[in-house]
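Asker: The task is simple: from the sequences and hints, build the whole structure.
Protein sequence lines, in the order shown, are assigned to chains A and B. Those letters in the first sequence? Residues 48 to 438, per our numbering, in order. Those letters in the second sequence? Residues 209 to 361, per our numbering, in order.
Treat the hints with caution; some may be incorrect.
Quick partial rundown of chain A residues pointing at chain B, CB under 8 Å, derived from the structure [unchecked claim]:
1. 185
2. 190
3. 204
4. 228
5. 251
6. 309
7. 373
These are calculated hints, taken from the structure and not from any lab test. Beta carbons: idealized from backbone N, C-alpha and C, even for Gly.
Now for the letters of each chain:
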Amino acid sequence: MTARSAIVGIGTTTYYARGQSWPRTLHEMACEAIVLAAKDAGLPVQAIDGFAYFAAGAYSADGVDTGRVMESLGIKEIGFSAGVTGGGGGSAGAVGLAQAAIVNGDSKYVVVVQALQQAKTRFGAAFANMQPSPDNSFFRAPGLTAPGQFAALIARRHMHEYGTRREAFAEVAISSRLNASTNPSAVMRQPITLDDYFSARMLADPLCRLDYCLESDGAVAIILTSPERAADLAQKPVQVAAAVHGGAGEWGRAFMWGNTADAVFASSGHRWIAERLYGKAGLGPRDVDVALLYDHFSPLVVMQLEDFGFCPIGEGGPFVEQGSIRLKGGSIPVNTHGGNHSEAYILGITHVVEGARQIRGTAANQLADVSVALATGGPGPLPLSAVLLTA
Amino acid sequence: MGAKTVEPFSPPADIAADELTSPFWSALNQGVLSLQTCASCGKFRMPPSPYCPHCTSTQSSWRPLSGRARLYTYTISPIAPRDPDSPVYVPALVTPLEAGGVRLFANIVGCSPEDLQVGMELELMGPTGDSTAPLFRPTAPARDASAQAGSVG
Ligand SMILES: [Zn+2]
Numbered sequence: 048m049t050a051r052s053a054i055v056g057i058g059t060t061t062y063y064a065r066g067q068s069w070p071r072t073l074h075e076m077a078c079e080a081i082v083l084a085a086k087d088a089g090l091p092v093q094a095i096d097g098f099a100y101f102a103a104g105a106y107s108a109d110g111v112d113t114g115r116v117m118e119s120l121g122i123k124e125i126g127f128s129a130g131v132t133g134g135g136g137g138s139a140g141a142v143g144l145a146q147a148a149i150v151n152g153d154s155k156y157v158v159v160v161q162a163l164q165q166a167k168t169r170f171g172a173a174f175a176n177m178q179p180s181p182d183n184s185f186f187r188a189p190g191l192t193a194p195g196q197f198a199a200l201i202a203r204r205h206m207h208e209y210g211t212r213r214e215a216f217a218e219v220a221i222s223s224r225l226n227a228s229t230n231p232s233a234v235m236r237q238p239i240t241l242d243d244y245f246s247a248r249m250l251a252d253p254l255c256r257l258d259y260c261l262e263s264d265g266a267v268a269i270i271l272t273s274p275e276r277a278a279d280l281a282q283k284p285v286q287v288a289a290a291v292h293g294g295a296g297e298w299g300r301a302f303m304w305g306n307t308a309d310a311v312f313a314s315s316g317h318r319w320i321a322e323r324l325y326g327k328a329g330l331g332p333r334d335v336d337v338a339l340l341y342d343h344f345s346p347l348v349v350m351q352l353e354d355f356g357f358c359p360i361g362e363g364g365p366f367v368e369q370g371s372i373r374l375k376g377g378s379i380p381v382n383t384h385g386g387n388h389s390e391a392y393i394l395g396i397t398h399v400v401e402g403a404r405q406i407r408g409t410a411a412n413q414l415a416d417v418s419v420a421l422a423t424g425g426p427g428p429l430p431l432s433a434v435l436l437t438a
Numbered sequence: 209m210g211a212k213t214v215e216p217f218s219p220p221a222d223i224a225a226d227e228l229t230s231p232f233w234s235a236l237n238q239g240v241l242s243l244q245t246c247a248s249c250g251k252f253r254m255p256p257s258p259y260c261p262h263c264t265s266t267q268s269s270w271r272p273l274s275g276r277a278r279l280y281t282y283t284i285s286p287i288a289p290r291d292p293d294s295p296v297y298v299p300a301l302v303t304p305l306e307a308g309g310v311r312l313f314a315n316i317v318g319c320s321p322e323d324l325q326v327g328m329e330l331e332l333m334g335p336t337g338d339s340t341a342p343l344f345r346p347t348a349p350a351r352d353a354s355a356q357a358g359s360v361g
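Answerer: Here's what the structure looks like:
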């Protein structure tokens, strides 16, 4: 399948631990990422004529605003400004949204932007800060106040159905941190051991502190254009082989619904996404050289490995425990940058950045001969998303 | 987390209700588990919603149930996360026996964390103290529930 768009520019700010970016502002960090992405692409920043977002305004009252960015950077005109609905599930989907603008002829150079500054409202307590509503009262009354507790409900069910062990979740945390230890942009670089994992505080049994992603500040910008225009720019183009956002109604709101179909309850919700993504690209799990899997909670990485076909359903636990996701010697290296667990959590868009860098050959932990990279968004309420990037 | 008895979530969350959801909370205040069912096809749904997802009917009614249920999945969290000796509570998904596999969020109480088993039988407790959550307790001493795993587990 011929790609219809390519990633041509990447810009990232420094990644900070939550709250450490002050007195910088969200707007200024977003502008810096966009300027750096344009420079990376070899484009004047004013060439950008489209904006694609995800989780727009979902968690932050002062999110990135297209008009204000245009004002600051002197961008003359835009033909597109839209966001994928939902939360972090749409991160990879924003790449597809940018492609839609390009294919439709609305814009020539579209930037995907995400910026996060968590000093005011902590993500980890996202539901505790909600005002009571008729809908959220059903989960707030029993004290489901944090996303990690919903992930724990899914993890427990996976352990029950398939015999998955906490050692598998530990391996996700340990291997992510090991990868981060040699990535200079990672926030957390001190390797951790199985002992560290089992002595970490239980927050939502079976999840302990080390099963959770970081809470971070920072901004990321990714510029896409048509494959034809990409050929004239500064970097080796990263082709978008396929980008998908959506999902199955039986998964639905997942976490906050509680009535996900029994057959997919103990999953990442990604089986629908995987089938459509591989079908669109004409590729399969055996073609994927590196998997950047949205890792807000480590058990959901185990389930994504199953849902994207790297191992059979239910065998994700033994699969990771035997070292399959390791940077060195793994059959499918996962989160080579350290992921949301150890590099940074900018709502998952850093996975697309790492996928593009692995294809370019410029990743901090560069793998040999990468021709196909998978990056995912979610698992959480629909839409979920994923993208396959190729050289 | 030691051999503590699990407690209801506290401090109790404020409940907001509207026309669609208030029958659930009113019944719960009387110690009764009542769920919304479709007046056309009879299927249950949870949480309450304006349309039946099976037949798109907007006609519904509320059916009181026995309050017996099975534990579908659960987590254990400290009530005071910064206190290592904090009491714990158990947010859970439970499957009422008569509701066709529909689940609801609840707290499990009246046992220790070690007694919890996916698939175990539960019963609704009457209104307890200040808690606003549906509270379920084990109906019998915990036993191996693996034989009961499955679609209604
Ligand atoms: Zn119906």
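Asker: Hint by hint, which ones does this structure get wrong, listed from lowest number up?
Answerer: 4 and 7
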